[in-house]
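Engineer: Line by line, the protein sequences are chains A and B.
All residue numbers for the first sequence refer to our numbering, where the first residue is 4 and numbers rise by one.
All residue numbers for the second sequence refer to our numbering, where the first residue is 639 and numbers rise by one.
Just so you know, the hints here were simulated from the structure itself, not pulled from any lab data.
Remember, predicted model here, so these are calculated numbers, not experimental data.
Check the hints yourself; a few may be wrong.
Stated by the list, open to error - Straight-line Cα separation of at most 20 Å, PhoX-like style, residue types lysine-lysine; simulated pairs: (1) B:K831 to B:K864; (2) B:K707 to B:K727; (3) B:K864 to A:K225; (4) A:K178 to A:K188; (5) B:K662 to A:K225; (6) B:K864 to B:K700.
Said to hold, decoys possible - With the Cβ distance kept under 8 Å, some of the chain B side facing chain A (calculated, not the full set): (7) K707; (8) F732; (9) F749; (10) G750; (11) Q753; (12) M757.
Using N, Cα and C, we set each Cβ at its ideal position, and we do this for glycine too.
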Amino acid sequence: MPILQPIGRTFLIFLAAVGRLSLFAVHGLSHCIRPPVYLRLIGRQMIDIGYYSLPVVGLTAIFTGMVLALQSYTGFARFAAESAIPNVVVISITRELGPVLAGLMVAGRVGAAMAAEIGTMRVTEQIDALDTLATNPFKYLVAPRLIAGIAMMPLLVCVADIIGVFGGYVVSIYKLGFNPATYLKNTIDFVEFQDVASGLVKAAVFGFLITLMGCYHGYNSKGGAQGVGAATTNAVVSASILILCFNYIITEMFFAR
Amino acid sequence: MSQSGNGAPNKIEIRGLCKSFGPKVVLDGLDLDIAVGESVVVIGGSGTGKSVLLKCILGLLKPDAGSIKIDGEEVVGQGSRDRDRVLRKFGMLFQNAALFDSLPVWENVAFGLIQGEGMGLAEAKQVAIEKLAAVGMTAEVGELSPAELSGGMRKRVGLARAIATTPEIIFFDEPTTGLDPIMGDVINDLIVKCVQELGASTLSITHDMASARKIAHRVAMLYNGKIIWAGAVATIDESGNDYVDQFIHGRAEGPIQMQVRAN
């Protein structure tokens, strides 16, 4: 059947791509746990991923918390359920919005930069040069980024959670007239360890996915500037889709009854 | 280990090397020997597979068939640990130098010493400054970023990096491409000087006949995936090979028909 052929071919290409990505991930992770460990490179990547992403993640979190409080108020006021706003803000931020929005922002900032940097190294033969200098590119380029992504995303999400809840607090207290002490007590009483823990697990997984996609697309880029541009786009798009996909899977694992 | 025609043992022996990309056959049973301390230049048109040959020897590309021996040791199909050991014998000057943008010049030069040999930073920096001096550059250049260097300076830094680990074999990929004739000659002189001091075996690929005549002991011409002529550099003008004659005189007419399209 001529109609089935392109579908089958596309499916096989998809499977081959998944296989290549899986092998790349296993290869990269295996170098994370085998010596030598490049501590200086890991530190540099941690600063790049964690410290330099703080402004963009902080701004995203504070406005998300603020708008969440405002929108919750406009909805809950109809049912005289305004007192649930602190609970809604803290649960939404810690479980979902903190990790997902931080993940998407870091994918845009860090994933794109990684793909562009490694892609440029590929097309200018710098990765070949690493090989000829008896330095494994996976160990030198990929492993430090994976380790830094997995370690720094939970810290970023911790900060995003605090700033997001603070954003909701500011709007609730100064615009909606809530009592500060009551708001904070409701927030602390309602949030559970599992809410924060699930967000941090998501953050670590998202950190892995963002750095993996940045490294994978950069490492396999070809064809000069156009290829590097395509690698950058693919890194951000694929990391964003995987973040949303794995967000559902992890939520299902933690909260499905 | 077998010997070359002049009696020196072979550093590199290539037999029946084949490499294709899809339907395009790039190397088709190529044979080449490089003796210890010998400087061989492979000439040939663009797209004839000169860079592919280098990459196959370095293990950056996997040959479809054939044998590559370094010091009598087969390197095709080697494991990564053995390959790393063999690669420590090599230095390479890439066409565009391939300097690491994220590192200052001195760290580029000392990269193989720091990462490959585990040398301390202070000692490696001292060696890097000595190697930069060997290619006519000052210690201040070592503190610059590669982005601040001109084309000729990048080549010289690339050469300093290639010789920093005192390699037994050095590859030069189009060492004078993109340089003005004077800077090209400076690079050629540096290559000859560095290779003589190290006593290394070298394999260079180039289109530049002035460069080939200056740095080669022996010239080999690659065409249609095979070495169609090889001989001492002094004999190249009397090769009696129409392909070589057309190439070294840069004539459009002759047996070599340039492909307008890649296939």
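Engineer: Does each hint fit the structure? Answer for all of them.
Structural biologist: Consistency of the hints with the structure:
1. B:K831 to B:K864: violated, 30 Å
2. B:K707 to B:K727: OK: B:K707 and B:K727 at ~13 Å, within 20 Å.
3. B:K864 to A:K225: violated, 27 Å
4. A:K178 to A:K188: holds, 19 Å
5. B:K662 to A:K225: This hinted pair holds, its Cα atoms lying about 18 Å apart.
6. B:K864 to B:K700: Holds, at roughly 18 Å.
7. K707: Interface hint status for B:K707: violated (18 Å vs cutoff 8 Å).
8. F732: holds, 5 Å
9. F749: holds, 5 Å
10. G750: Since the shortest Cβ distance to chain A is 4 Å, the answer is holds.
11. Q753: holds, 5 Å
12. M757: Because about 13 Å separates B:M757 from the closest Cβ in chain A, which is outside the 8 Å limit, the hint is violated.
Hint violations for this structure: numbers 1, 3, 7 and 12, all remaining hints satisfied.
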